[in-house]
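A.B. asks: Below are the chains, spelled out letter by letter.
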Amino acid sequence: MSKVDERSLAIYIVDDDDDVRFGFARLIRSVGINARPYASAECFLDELVDGEQGCVLLDLTMPRVTGHHVLARLKQLGSRLPVIVVSARDDEMTRAMVRDLGAKMFLRKPVDDQALLDAINWATGFSLGR
Amino acid sequence: MNWIDILWPMMGAASLTLALIHLLVWFKQQRQQTAHLMFAVTGISVAALAIFELLMMTAPTPERYGVLLRWVHVPFALMMIGIVAFVRLNLQVGRLWLGVLVCVARLACLVPDFLTGENLNFIHITSLRQVPIWGGGFVAAPVGVPNPWMALGQASVVLLLVFLVDALVSGIRRTTGEYRRRVILICGSMIGFLLLSAAWSVAVVSGTLHAPLTVNPAFTGVLLVMSYELGGDILRAVQLAKNLSASEAHLRDTEQRMDMAVRGAGVGLWSSDIAQEDSWVSETGLKVLGFGPDEKWDRDRFYERVPPADRKTLESAIASAIEGHGEFNTEYRIVGSDRRTRWIMVRGQVEFDATTRTPLRMRGIVSEITERRQAEERLRLVVEMSPTALLMVDGQGLITLVNRQAEIVFGYAREEIAGMSVDALVPHRYRERHGDDRAAYIAHAAGRGMGVGRELFARRKDGSELPVEIALSPIHGDTGLSVLVSILDISERKRAERESAIQRDELAHLSRVVLLAELSGSLAHELNQPLTAILSNAQAAIRFLAHSPPNLDEVRDSLTNIVENDKRAGEVIRRLRAMLRKDRADHRRLDMNDVVLDVLRIIRSDLLNRNVDVVLDLGSNLPPIEGDRVQLQQVLLNLVMNGTDAMADVSAGRKITLHTHTADAGGVQVSVTDVGRGIPEEDIERIFSPFVTTKASGIGLGLAVCVSIIHTHRGTIWATNNDARGATVHFRLLGDASHPSSQ
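Those protein sequences? They're chains A and B, same order as listed. All residue numbers for the first sequence refer to this note's numbering, where the first residue is 1 and numbers rise by one. All residue numbers for the second sequence refer to this note's numbering, where the first residue is 1 and numbers rise by one.
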């Protein structure tokens with residue numbers, strides 16, 4: 001995994017819950033990385049540009065277009081953007097499903113900052129928050 | 001021997017016989033018919049007159065003739081008095097004073113008759129003239145100096161004539177019919193015979209008629225007329241007696257017929273003579289009174305068989321009838337010869353003497369009313385033993401009758417409560433209103449419940465209160481309007497209702513716990529969201545503090561978010577606790593839209609997870625309703641989850657529509673519409689019953705609990721299938737306009 005400029009990186013946060021989204025965004029900002037929050041899956045998919053650097057923090061339970069749809073869409077588009085699913089719902093079926101849809105990691109809410117950053121580092125090859 | 005010797009004794013004998021017959025009649029009739037006595041006097045006088053005349057006509061010397069002529073005036077006077085008295089007594093005509101004058105004048109004639117000359121007619125009879133008569137032979141006639149007092153005698157005869165004419169005239173004027181005929185006949189013939197007698201004298205004296213100078217034949221004629229009249233009286237009396245016995249027979253016949261008629265109806269006749277204490281009871285009457293077939297009526301035995309208390313009732317009823325209006329009507333018991341006690345109804349009427357008002361007789365009917373009394377007794381027992389407290393209240397609100405249950409319910413003894421105002425049984429705080437309501441009811445009495453829709457309380461003697469239900473029935477009786485009040489003590493029912501409410505609440509709670517268990521994933525999500533936000537913000541804040549210089553703006557924002565999300569998490573927990581709480585239902589004023597939004601917060605993530613869209617169609621300005629928030633949330637949660645479950649097989653476009661709007665009469669209607677498989681038509685009524693489910697899993701209590709909750713909110717719930725797809729469940733709650741003072 002090649003060394004990248006951390007400043008050009010962005011963490012895409014897709015969660016319909018404002019408080020959760022802003023909380024994640026603040027945490028990401030606190031380690032000096034660009035956080036790009038999206039209130040809905042539709043907004044995120046609209047703005048997505050191929051070749052972007054970073055990773056996606058994806059909520060599953062959202063109205064209309066859910067996290068599952070987003071994973072499927074990214075897979076369909078052949079995106080290489082790694083996706084970390086962050087969900088309050090945690091069961092074997094959900095985990096299996098998101099793994100099959102190509103998610104890099106599954107984290108259960110609430111999630112500890114270090115675990116989240118480790119996951120991002122692991123998924124992107126960064127070394128954030130160290 | 002000539003015809004005079006035969007005729008005169010015959011006339012005398014006939015007169016005497018008639019006189020004696022009437023004397024006997026008079027005597028037999030307790031000497032009440034004075035007319036008969038007067039006739040007897042007249043008859044005897046006429047007989048005497050005949051004897052004297054015969055003796056005079058054959059007198060040998062003038063002296064002998066003079067003595068006989070003197071004495072003949074005595075029977076003559078008696079005869080005239082007899083005639084006058086007869087006319088007055090028998091015919092009741094003629095002036096009394098005139099009659100008296102006739103009598104006095106004739107009696108006065110006796111004075112000169114005995115004191116002057118030889119007699120009234122002559123001062124001195126000088127010789128006797130032998131007068132030849134028809135048929136051969138002679139009779140003696142006097143010749144002498146006339147007595148001037150003779151004029152008095154003639155005047156008295158004229159007076160008699162006047163008296164008779166006056167009697168005739170007044171009789172013709174005053175009377176009619178048969179009576180008038182009698183007056184004309186008697187007075188007319190008397191006048192006729194008097195005039196005939198005068199004409200006879202004139203004819204004899206003038207020598208036209210060769211007959212003796214006599215009055216006897218004329219007065220014998222008068223006597224015959226009188227006799228005919230009196231005989232008519234006797235004939236009439238006989239006729240009357242005959243009629244009387246016929247009418248008595250008729251009466252007996254009528255009585256028998258009446259007896260037959262009343263026997264059919266089981267009514268006995270009786271009569272009783274008050275003075276002679278003699279009484280009679282018809283055959284049916286005896287049977288009614290329980291006399292055996294061989295027993296005769298016996299007044300003393302009758303009274304012996306009436307129990308003493310009833311005897312008193314009966315006697316006082318009779319006594320007051322005799323003293324007062326003359327009628328009585330009472331009921332008493334009597335023990336028959338068969339030892340069976342009968343209830344008897346007796347009606348009677350007292351007959352009074354028309355003038356003295358002395359009670360003479362009583363008569364009336366008796367009939368047996370044992371069955372009626374027994375029916376009444378049964379009815380009384382029904383009222384008495386009724387498990388409902390019963391009061392009879394008169395138009396003034398006074399209690400006139402109570403039953404046993406009323407005594408028990410109100411704690412008053414019967415003697416205390418009777419005559420009391422019914423208002424005393426109402427708690428003090430309602431008393432004034434009760435008086436007004438009672439007056440209004442009396443004005444428009446109708447059978448109905450009292451205070452419909454209100455909780456009613458009654459007050460016991462000890463001041464404690466009990467919840468009651470009251471029904472009023474007006475009774476229009478002889479004494480005006482009375483109201484029958486049925487009072488049901490519903491304390492027990494209220495307690496049962498409370499218990500069943502508790503059970504209902506427990507069931508509702510159980511059902512909520514089950515519901516929340518199903519929703520646990522969704523609820524965990526709801527709680528994890530704020531916790532996630534809190535944790536992220538807190539850890540971000542720590543990192544911003546470690547920057548140099550620390551980014552305090554970010555720290556402040558983090559803390560703000562932490563506070564908000566803590567509240568949010570608290571809210572989720574509060575809602576959850578409320579749903580799990582096992583409290584009594586707590587009815588408060590609510591906005592139904594708030595309840596809908598609450599429910600959405602609880603179930604939102606579950607719906608998202610199941611890919612169900614929620615469409616909210618909330619009416620604006622909904623009237624407030626009164627209800628228990630948690631229970632109504634439970635109903636909505638149930639309906640929404642049922643709708644969601646019904647759409648499990650729907651691949652796309654899952655949608656729940658929540659619709660609220662103002663219903664009629666200030667209520668609120670809520671509809672939960674899905675686009676699922678719908679409800680089979682045959683189940684659309686049944687789905688609200690317990691243990692009926694259209695789902696593959698589930699025990700089918702959810703909707704039954706919903707029904708129970710809606711019913712305790714005095715609302716209605718029903719389901720319909722949609723035109724397109726799916727079903728809608730509606731419920732409607734009353735607005736709280738009926739409780740303007742609540743809260």
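Hint data in this document are derived by calculation from the structure and do not stem from the laboratory. Given the structure is predicted, the values throughout are model-derived calculations rather than measurements. All C-beta atoms in this analysis are idealised placements derived from N, C-alpha and C, irrespective of residue type, glycine included. Treat the hints with care, since some could be wrong.
Unchecked claim - Beta-carbon label-pair distances, calculated as ranges:
hint, chain 1, residue 1, chain 2, residue 2, range
1, B, Gly619, A, Glu42, 27 to 33 Å
2, A, Glu42, B, Arg629, 33 to 39 Å
3, B, Arg686, A, Glu42, 39 to 45 Å
4, A, Glu42, B, Asn722, 27 to 33 Å
5, A, Ser127, B, Leu510, 52 to 58 Å
6, B, Gly619, A, Asp46, 45 to 51 Å
7, A, Val49, B, Gly619, 54 to 60 Å
8, B, Arg604, A, Glu92, 19 to 25 Å
9, A, Asp46, B, Arg604, 21 to 27 Å
10, B, Gly619, A, Glu92, 31 to 37 Å
11, A, Glu42, B, Glu682, 40 to 46 Å
As the list claims (entries may be wrong) - Listed next, the in silico SDA-like pairs over lysine to any residue satisfying Cα-Cα at most 20 Å (straight line):
hint, chain 1, residue 1, chain 2, residue 2
12, B, Lys655, A, Val65
13, B, Lys655, A, Arg64
14, B, Lys655, B, Asn593
15, B, Lys461, B, Glu415
16, B, Lys655, B, Asn609
17, B, Lys296, B, Gly336
18, B, Lys287, B, Thr330
19, B, Lys461, B, Arg431
20, B, Lys28, B, Gly336
21, B, Lys494, B, Val468
22, B, Lys567, A, Val65
23, B, Lys567, A, Asp19
A.B. asks: With reference to the structure, classify each hint as holding or not holding.
C.D. replies: Hints, verified against the model:
Between B:Gly619 and A:Glu42 the Cβ separation comes to about 30 Å, which falls inside the hinted range of 27 to 33 Å. A C-beta distance of roughly 36 Å is found between A:Glu42 and B:Arg629, which places it inside the suggested range of 33 to 39 Å. Between B:Arg686 and A:Glu42 the Cβ separation comes to about 44 Å, which falls inside the hinted range of 39 to 45 Å. Distance hint check: the CB atoms of A:Glu42 and B:Asn722 are about 29 Å apart, consistent with the given range 27 to 33 Å.
Separation of A:Ser127 from B:Leu510 is about 55 Å and conforms to the stated range, judged on CB atoms against 52 to 58 Å. Under the hint 45 to 51 Å, the C-beta atoms of B:Gly619 and A:Asp46, about 35 Å apart, miss the expected range. The beta-carbon spacing between A:Val49 and B:Gly619, approximately 45 Å, falls outside the hinted interval of 54 to 60 Å. For B:Arg604 and A:Glu92, the hinted distance range of 19 to 25 Å is satisfied, since their beta carbons lie about 24 Å from each other.
The beta-carbon spacing between A:Asp46 and B:Arg604, approximately 24 Å, falls within the hinted interval of 21 to 27 Å. Roughly 44 Å separates the CB atoms of B:Gly619 and A:Glu92, a value that falls outside the hinted 31 to 37 Å. For the pair A:Glu42 and B:Glu682, the supplied restraint of 40 to 46 Å holds, since their beta-carbon distance comes to about 44 Å. At roughly 14 Å between alpha-carbon atoms, B:Lys655 and A:Val65 fall within 20 Å of each other, so this suggested pair holds.
Note on B:Lys655 and A:Arg64: the hinted pairing holds, with a Cα-Cα distance of about 11 Å set against a maximum of 20 Å. Proposed proximity of B:Lys655 and B:Asn593 is supported: the alpha carbons are some 19 Å apart, at most 20 Å. Taking the CA atoms of B:Lys461 and B:Glu415, the gap is about 13 Å. The hint holds against a cut of 20 Å. The straight-line distance between the Cα atoms of B:Lys655 and B:Asn609 is roughly 13 Å, inside the 20 Å bound, and the hint therefore holds.
The hinted pair formed by B:Lys296 and B:Gly336 meets the criterion: a straight-line CA distance of about 13 Å does not exceed 20 Å. Between B:Lys287 and B:Thr330, the direct Cα distance comes to roughly 19 Å. Compliance with the 20 Å bound is thereby established for this hinted pair. Between B:Lys461 and B:Arg431, the direct Cα distance comes to roughly 15 Å. Compliance with the 20 Å bound is thereby established for this hinted pair. Distance check on the hinted pair: B:Lys28 and B:Gly336 sit about 49 Å apart at the alpha-carbon level, beyond 20 Å; violated.
The hinted pair formed by B:Lys494 and B:Val468 meets the criterion: a straight-line CA distance of about 10 Å does not exceed 20 Å. Of the pairs offered as hints, the one joining B:Lys567 and A:Val65 is violated, with about 28 Å between alpha carbons and a cut-off of 20 Å exceeded. Under the criterion of a C-alpha separation no larger than 20 Å, the hint pairing B:Lys567 with A:Asp19 is consistent with the structure, at around 12 Å.
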